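A.B. asks: Sequence:
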Amino acid sequence: GWRRSAAREQGNLGLEVRRLDGATHRLAVGERADLAEAALRGMSLTRDFARIVLMVGHGSTSTNNLHASGLDCGACGGHAGDANARLAATLLNDPAVRGDLSARGIEIPADTIFLAALHDTTSDEVRILDRSPCAPTHEAELLQLQEQLAFAGDRTRRERARRFGIDPEESFETRGRDWSQIRPEWGLAGCSAFIVAPRSRSRQADLGGRSFLHSYDWRGDRDFVILEQIMTAPMIVASWINLQYYGSTVDNRVFGCGDKTLHNAVGSIGVLEGNGGDLRVGLPWQSLHDGERYLHEPLRLEVVIEAPLAAIDTVIARHQELQKLFDGDWLNLLAIDEMGAMHRYRGAARWKPLEPVPSEAEQLAQEDAA
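Residue 1223 is where the sequence shown starts when you use the working numbering, and the numbers rise one by one after that.
If you are wondering where the hints come from, they were derived from the structure by calculation, not from laboratory data.
Fair warning: this is a prediction, and the values are worked out from it, not measured in the lab.
Take the hints with a grain of salt, since some may be wrong.
[Said to hold, decoys possible] Below, a list of computed lysine to any residue pairs in the SDA-like style, where the Cα atoms sit at most 25 Å apart:
1) Lys1546 - Lys1574
2) Lys1546 - Gln1403
3) Lys1482 - Gly1562
4) Lys1546 - Leu1288
5) Lys1546 - Met1561
6) Lys1546 - Asp1445
7) Lys1574 - Asn1554
8) Lys1482 - Glu1514
9) Lys1574 - Gln1545
10) Lys1574 - Ala1563
11) Lys1574 - Pro1420
12) Lys1482 - Asn1287
13) Lys1574 - Ile1458
14) Lys1482 - Asp1352
15) Lys1482 - Leu1435
16) Lys1482 - Pro1520
17) Lys1482 - Tyr1516
18) Lys1482 - Arg1399
19) Lys1546 - Arg1522
20) Lys1546 - Pro1575
21) Lys1482 - Arg1405
22) Lys1546 - Phe1477
23) Lys1546 - Gly1299
24) Lys1574 - Gly1562
25) Lys1482 - Leu1288
26) Lys1546 - His1565
27) Lys1574 - Asp1590
28) Lys1546 - Gln1466
29) Lys1482 - Ala1325
30) Lys1546 - Trp1573
31) Lys1482 - Cys1295
32) Lys1482 - Trp1573
33) Lys1482 - Gln1403
34) Lys1574 - Asp1559
35) Lys1546 - Met1564
36) Lys1546 - Leu1435
37) Lys1546 - Ala1455
38) Lys1574 - Ala1591
39) Lys1546 - Thr1536
Given the sequences, and given the hints that come with them, work out the whole structure.
C.D. replies: Rendered as structure tokens:
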């Protein structure tokens, strides 16, 4: 919503953090285990647990920004994901829940702990929200983890500095606190792909911060229940976000909301541009354009799924909304089959095999042979 909840504590980064206050214990053990199992299976995280597992939500820090919720988590309804991270960690550290999960085939080692964290996407700092589950036996690993998070944040800030055209040493946290800053961060500008596959598929690729990633291994998905959940929930959210950016870019007057420096709040429901007119919807110009060029290229979302074609067809056939999105060309769909071959969806359960793109070395070899 337009106003953030008052029931949060102020964090060191300026991003407010909500507490759970024991809310999970209002659920029966079986209900808590249902939630925990769904979360783990949805991430294909059911084995080979590390000793410390971070459950990370994300949120954004900005001041004097009527569009602050647009920089928070879309899947959380425009709020930060700290409460979700706390809930997940609390459930997965619960011995009763772990016992129930064990009976369901998910064995979490006794020395594995789950910690909730929050990624501030303005400053690219990741803050661990509650260290209390961490035993003294894990202190060395926790220290190493914090050092790695700090290093990753520094690398990410340097990459993002190029998009802003600023000195890499400039403080992104300061940008978030600056009342005059109209672009504290770029949010999801540039989003163009949604990849549903094992992380190993994309780990070595530089995706340029333009892809939503959902770790998924179809080999562990009995009856493809998880695939169906992914295609009908996070994939749909990703399409909403992509189409919001698309529409706001191609016709900002109709689908966007104009110049944010002219906006005035109307209660807690929306904004006007100037002192009258209609309520404006969509994204402001400053979220799409840096004053010289577009930072968002209006492309329909490219969905890449690694799973058998028949399984994908079955899910699409069950949901009319998916048929409208794919058959109507609102989303592009590519699939990687059991043999690793790529196919493009042509609508109405029809697929076109794609020729593999030769590597640079293969291209050079072909040129030499010619």
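A.B. asks: Indicate, hint by hint, whether the structure satisfies it.
C.D. replies: For each hint, the structure was consulted:
1. Taking the CA atoms of Lys1546 and Lys1574, the gap is near 19 Å; set against the 25 Å cutoff, the hint holds.
2. Taking the CA atoms of Lys1546 and Gln1403, the gap is about 40 Å. The hint is violated against a cut of 25 Å.
3. As the CA atoms of Lys1482 and Gly1562 are separated by approximately 46 Å, the hinted pair breaks the 25 Å bound.
4. At roughly 33 Å between alpha-carbon atoms, Lys1546 and Leu1288 are farther apart than 25 Å, so this suggested pair is violated.
5. With a C-alpha separation of about 28 Å, the suggested pair Lys1546 and Met1561 falls outside the 25 Å cut-off, and the hint is violated.
6. The hinted pair formed by Lys1546 and Asp1445 meets the criterion: a straight-line CA distance of about 24 Å does not exceed 25 Å.
7. Pair hint Lys1574 plus Asn1554 holds up; C-alpha atoms about 13 Å apart against a cutoff of 25 Å.
8. The suggested pairing of Lys1482 with Glu1514 holds, with an alpha-carbon distance near 17 Å, which does not exceed 25 Å.
9. Between the alpha carbons of Lys1574 and Gln1545 the distance comes to roughly 17 Å, so the proposed pair stays at or under 25 Å and holds.
10. Taking the CA atoms of Lys1574 and Ala1563, the gap is about 11 Å. The hint holds against a cut of 25 Å.
11. Between the alpha carbons of Lys1574 and Pro1420 the distance comes to roughly 23 Å, so the proposed pair stays at or under 25 Å and holds.
12. A hinted pair counts as satisfied when its Cα atoms are at most 25 Å apart, and Lys1482 with Asn1287 qualifies at roughly 9 Å.
13. Straight-line distance between C-alpha atoms of Lys1574 and Ile1458 comes to about 23 Å, which keeps the hinted pair within the 25 Å bound.
14. Restraint check: the Cα-Cα separation between Lys1482 and Asp1352 comes to about 36 Å, which exceeds 25 Å; the hinted pair is violated.
15. As the CA atoms of Lys1482 and Leu1435 are separated by approximately 30 Å, the hinted pair breaks the 25 Å bound.
16. The straight-line distance between the Cα atoms of Lys1482 and Pro1520 is roughly 20 Å, inside the 25 Å bound, and the hint therefore holds.
17. Simply put, Lys1482 and Tyr1516 have alpha-carbon atoms about 16 Å apart, close enough for the 25 Å limit, and the pair holds.
18. A distance of roughly 17 Å separates the Cα atoms of Lys1482 and Arg1399; the hinted pair therefore holds under the 25 Å criterion.
19. A distance of roughly 14 Å separates the Cα atoms of Lys1546 and Arg1522; the hinted pair therefore holds under the 25 Å criterion.
20. Distance check on the hinted pair: Lys1546 and Pro1575 sit about 22 Å apart at the alpha-carbon level, within 25 Å; holds.
21. The straight-line distance between the Cα atoms of Lys1482 and Arg1405 is roughly 10 Å, inside the 25 Å bound, and the hint therefore holds.
22. Taking the CA atoms of Lys1546 and Phe1477, the gap is about 20 Å. The hint holds against a cut of 25 Å.
23. Straight-line distance between C-alpha atoms of Lys1546 and Gly1299 comes to about 23 Å, which keeps the hinted pair within the 25 Å bound.
24. About 14 Å separates the Cα atoms of Lys1574 and Gly1562, which keeps this hinted pair within 25 Å; it holds.
25. Distance check on the hinted pair: Lys1482 and Leu1288 sit about 8 Å apart at the alpha-carbon level, within 25 Å; holds.
26. Our distance criterion of 25 Å between C-alpha atoms is met by Lys1546 and His1565, whose separation comes to about 20 Å.
27. Only pairs whose Cα atoms come within 25 Å are accepted, and Lys1574 paired with Asp1590 is rejected, the gap being roughly 30 Å.
28. This hinted pair checks out: Lys1546 and Gln1466 have alpha carbons roughly 17 Å apart, not beyond 25 Å.
29. At most 25 Å may separate the alpha-carbon atoms for a hinted pair to count; Lys1482 and Ala1325 exceed this at roughly 53 Å.
30. Distance hint between Lys1546 and Trp1573 is fulfilled; the C-alpha atoms sit about 17 Å from each other, no more than 25 Å.
31. For the given pair, Lys1482 sits about 20 Å from Cys1295 by alpha-carbon distance, which is consistent with the 25 Å threshold.
32. Our distance criterion of 25 Å between C-alpha atoms is broken by Lys1482 and Trp1573, whose separation comes to about 43 Å.
33. A hinted pair counts as satisfied when its Cα atoms are at most 25 Å apart, and Lys1482 with Gln1403 qualifies at roughly 11 Å.
34. Of the supplied pair hints, the one linking Lys1574 and Asp1559 holds, its CA atoms being roughly 12 Å apart against a limit of 25 Å.
35. This hinted pair checks out: Lys1546 and Met1564 have alpha carbons roughly 23 Å apart, not beyond 25 Å.
36. With a C-alpha separation of about 23 Å, the suggested pair Lys1546 and Leu1435 falls inside the 25 Å cut-off, and the hint holds.
37. Restraint check for Lys1546 and Ala1455: the C-alpha separation of about 15 Å stays at or below 25 Å, so the hint holds.
38. A C-alpha spacing of about 29 Å is found between Lys1574 and Ala1591, which places the hinted pair above 25 Å, so the restraint is violated.
39. Among the hinted pairs, Lys1546 with Thr1536 is consistent with the structure: their alpha-carbon atoms are about 15 Å apart, no more than 25 Å.
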